[in-house]
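Protein chains: 2
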Amino acid sequence: MPQFKRIAVVGAGLIGGSVLLAAARRQLAGSLAGWSRSPEARALLKGYAVAEIFDNPVDAVRGADIVIVATPVDKMEETFRAISPGLSAGALVTDAGSVKAAIQVAARVLPAGVHFVGAHPMAGSEKAGTAHASADLFANRPCFVTPTGSEPGESVRLTHAFWQALGCRTVECTAQRHDEIVAAISHVPHASASALMLAVGSLPGFDPATTGAGLKDTTRIAAGEENLWVGILMANAPHVIAGLRAAEDQTANLRQALEAGDAEKVRQLLADARVLRQSLDRPA
Amino acid sequence: MPQFKRIAVVGAGLIGGSVLLAAARRQLAGSLAGWSRSPEARALLKGYAVAEIFDNPVDAVRGADIVIVATPVDKMEETFRAISPGLSAGALVTDAGSVKAAIQVAARVLPAGVHFVGAHPMAGSEKAGTAHASADLFANRPCFVTPTGSEPGESVRLTHAFWQALGCRTVECTAQRHDEIVAAISHVPHASASALMLAVGSLPGFDPATTGAGLKDTTRIAAGEENLWVGILMANAPHVIAGLRAAEDQTANLRQALEAGDAEKVRQLLADARVLRQSLDRPA
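Note that the protein sequences, when read in sequence, are chains A and B. Going by the numbering used here, the first sequence runs without a break in its numbering and finishes at 296. Going by the numbering used here, the second sequence runs without a break in its numbering and finishes at 296.
This is chain A alone, in the form it adopts within the complex (with noise of 0.2 Å):
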């Protein structure tokens, strides 16, 4: 028997268009809904035909147990508002976005009776777009869900069972917390592999027919969408300005070192490095 009466995807990218496909191949619930603002991702989503679309939010989530918001992060207070007048009594909200503690200030909005709970599953890649979703997106990717504690508890235990039962492994913090985990292994990596391309592409040695491995990886996240970026480096910014702050003190740390000559220090400084990348590849 499903688990779910009726799930609804407001907001189908990547990252809904593959809840919608996982929840499907899984049999997750009676029926599925979805909604995405842009036309061409709806007649994608209705090509899939596994849920019912919608052209407006609102009729998306009515009589649905459960629904995800996987809008930017920067339009999820505006979703919450868009949607509220559909939402059924008692019924579970929760979403996918890349930052915590703002979407949960946002959620504030959501009418009584409705509960929220915060969860992001560590999924996606560089390749954003409905057209890129797949129904194993979430196959044994970590996912955080963050509950203030001030919920029903039988609402955080359905939290963690939508998210495992789309193939996630789920971890519980605080919001704050998650934010700041987020921000060392994703957010801070991507604003820097940003900045570096930028200096990479400004040198006179640069000459994008000509490339190496070491470039391509390090590089590789900045090919992410912006308009996705934008809106999860300003609402994680406190933490991805300290994260920045430390990567130019640590960049200028070895330049200075090289500008003094001093092989010690910057084999040194590289040793450091290689002994914390390596603890990144042990088994857990």
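A couple of the hints might just be wrong.
Which copy? The list can't say, so a pair holds if one copy fits it or any two copies do.
Stated by the list, open to error - Straight line, CA to CA, 27 Å or less: simulated BS3-like cross-link-like pairs of lysine-lysine:
#1 Lys228 - Lys139
#2 Lys277 - Lys139
#3 Lys58 - Lys87
#4 Lys139 - Lys87
#5 Lys17 - Lys58
#6 Lys139 - Lys58
#7 Lys87 - Lys277
Since the hints were derived computationally from the structure, they do not count as laboratory data. Quick caveat, the model's predicted, so the values are computed rather than measured.
Starting from the structure of chain A, add chain B where the hints point.
Showing chain B alone in chain A's frame:
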């Protein structure tokens, strides 16, 4: 008929070991000779059973018509001095170092009557050492050949022929131009990846057990062996310093836009970086 009478490889780690394996598989010479500083590497090389392995570099080069010096960049002058008494008149000496101008200067200690033509095969990985050597390491990899213009044309032609025979696509330019190019595509990304790893490692949200593809890709090359890289970065210091300054500037730019809450500026920087990054994947 083999192209060379006897090929000698001096310094047989990942690159030198792979030269021996590739030359053997492709039957490039009547005989192969090798030397490595490390007894463990020499034992490994003897196990490969493709070359006569010597305990000292001067014996390794005796009778060779082509000598490949593949010791670390900061050991090149020392190696050139060490092999000089054993070099045959008319022998061609080439190398595989990641910087070219400094090695061209170091090669001035070679005896008159020996011809040096610098080279840099863009092959390798964060896995250093003889144990990772492979006959396929050079297949379809770019290789810079950096003549001074004052050596015999036949030496330059033979250098191209040698690296091509190992599988490389050779590209000719000056040592100075080479150093500018590899700063942009390899040395600056390497140094920046190390600095980013140190920065992320210092953040409160960092935990090696919780990581993501973004951080892993962006810092992958920081796992490189520091004893190799310290020599490379020091020998190409002017270009690397300029590149690190550019990285600091671009990082500060992005950070300041976040501090100012200037979403349009952040969006523009991310968009410029995305366009540059996408240009690296465009088919040549």
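Should Lys139 paired with Lys58 be assigned to within, between, both, or neither, using CA atoms and 27 Å as the limit? Within one copy, since 21 Å is at most 27 Å while 48 Å is not.
If the cut is 27 Å between Cα atoms, do Lys228 and Lys139 qualify within a copy, between copies, both or neither? both (16 Å within a copy, 17 Å between copies)
Is it within, between, both or neither when you check Lys58 against Lys87 at 27 Å Cα-Cα? Within one copy only: 23 Å inside a chain, 64 Å across chains, cut-off 27 Å.
Give the relationship of Lys139 and Lys87 under a CA distance limit of 27 Å: within one copy only, between copies only, both, or neither. Intra 20 Å, inter 44 Å, cutoff 27 Å: intra-copy only.
Since the copies are identical, ignore which copy is meant and state whether Lys277 and Lys139 lie within 27 Å (CA to CA) inside a copy, between copies, both or neither. Cα proximity of Lys277 and Lys139: across copies only (23 Å, versus 39 Å in one copy).
Evaluate Lys17 and Lys58 at a C-alpha cut-off of 27 Å and name the case that applies: within, between, both or neither. within (20 Å within a copy, 69 Å between copies)
Reference check for the pair Lys87 and Lys277, CA-CA at most 27 Å: within, between, both, or neither? Close across copies (18 Å), not inside one copy (46 Å); limit 27 Å.
Checked against the numbered hints above, the structure violates none of them.
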